[in-house]
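All chains, please: the whole structure from these sequences, using the hints.
Okay, here's what each chain looks like letter by letter:
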Amino acid sequence: MGLAGNTLVLMTALPSPPSQGQDASEALLLGRLREGDDAAFDELVRLAGGRMLAVARRMLHREEDAQDAVQEAFLSAFKSLDRFDGRSQLTTWLHRITVNCCLMRMRSQRRRGGPERSIDDLLPTFLSDGHQTRNTAPWQPDAASGIERTEVRDLVREKIDELPEAYRVVLLLRDIEEISTEETATALGLSVNAVKTRLHRARQALRTLLEPHFVARETP
Amino acid sequence: MTSPQNPPPPPQPPRITTPDTSRRPYITCREVLDFVMAYLDGELTPEQKHEFERHLAVCPSCVNYLETYKATVRLGKQAMHDPDEPATGNVPEGLIKAIREARRHQA
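Line by line, the protein sequences are chains A and B. Just so you know, the numbering used here puts 67 at position 67 of the first sequence, and the rest follows in order with no gaps. Every number in the numbering used here is 220 more than the matching position in the second sequence, counting from 1.
For the record, the hints were derived by calculation from the structure and aren't laboratory data. Cβ coordinates follow ideal geometry from the N, Cα and C atoms, glycine included. Mixed in with the good hints, there may be bad ones.
Restraint ranges, calculated between C-beta atoms of paired labels, are given here [said to hold, decoys possible]:
1) B:267 with A:182: 39 to 45 Å
2) A:107 with B:265: 35 to 41 Å
3) B:268 with A:180: 35 to 41 Å
4) A:62 with B:261: 31 to 37 Å
Structure below.
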């Protein structure tokens, strides 16, 4: 299943992210950028590039793709500086542009590996009377006891990667990048309700994938 | 399958003047699981929320599902925002150079 939506709207056309205001140093930097100060562009890359690269690495798998997406994001931002209205922080604006560049790159790539798993295989199942087919067991209290934290991290990432792409991307945008439902819907060409449905199913599917690793062991 | 859908109500002393609501059917596990996100997001009406919680009160399996659903969301956030991987880490010098050169070509 590919990403939905035929037209990807540029982040510059999306609703402004929640405003946290601009601080004085950011306003100064923005002024220098608009004057074409070369050093200011390098400064911006060093200031915001690390965070943008982290976003791209979360969304794309290959380091090369992540760096390419960040480069595209900066170039797109440089071209659009005049349209940055200052209602949000510069770094927040760059975050949105980075997400958009990653989405474009994801759409142009076929998912590596074989055919995707159906989301239906990962959703809860019910009997005809509406009961769960099997009871849900509790998880370990901290959902990770006995497992190293880095192991948990790697396991969860691996399971997120196993989600069908159309669901993985919604989970990444909503839960991880904390982009609003409305913005996610616009970026993916979906309705708000479709985003909500996909997010819920993505979480349910991830829960199913994690369950065998976290379900509480029965006490003897 | 032991999950109660319409478990017998607990014994209640007879109240002649109070309408008997204990026989009202419970919503199903399917309905509860379908509306977990809406419940957590506070999007259910007061009546829906009441019915949702009335089911939870008699269905440990759905309580477990709700808790593990919340744990899943939390684990996802923690895994993708690992404090050992600072969000503002160094940008590779090669990338800075590539962006600088691309910008000059763009100009």
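The hints, checked one at a time:
1. B:267 with A:182: 39 to 45 Å: violated (27 Å)
2. A:107 with B:265: 35 to 41 Å: Taking Cβ atoms as reference, residue 107 (chain A) and residue 265 (chain B) lie about 38 Å apart, which means the hint holds.
3. B:268 with A:180: 35 to 41 Å: violated (23 Å)
4. A:62 with B:261: 31 to 37 Å: holds (34 Å)
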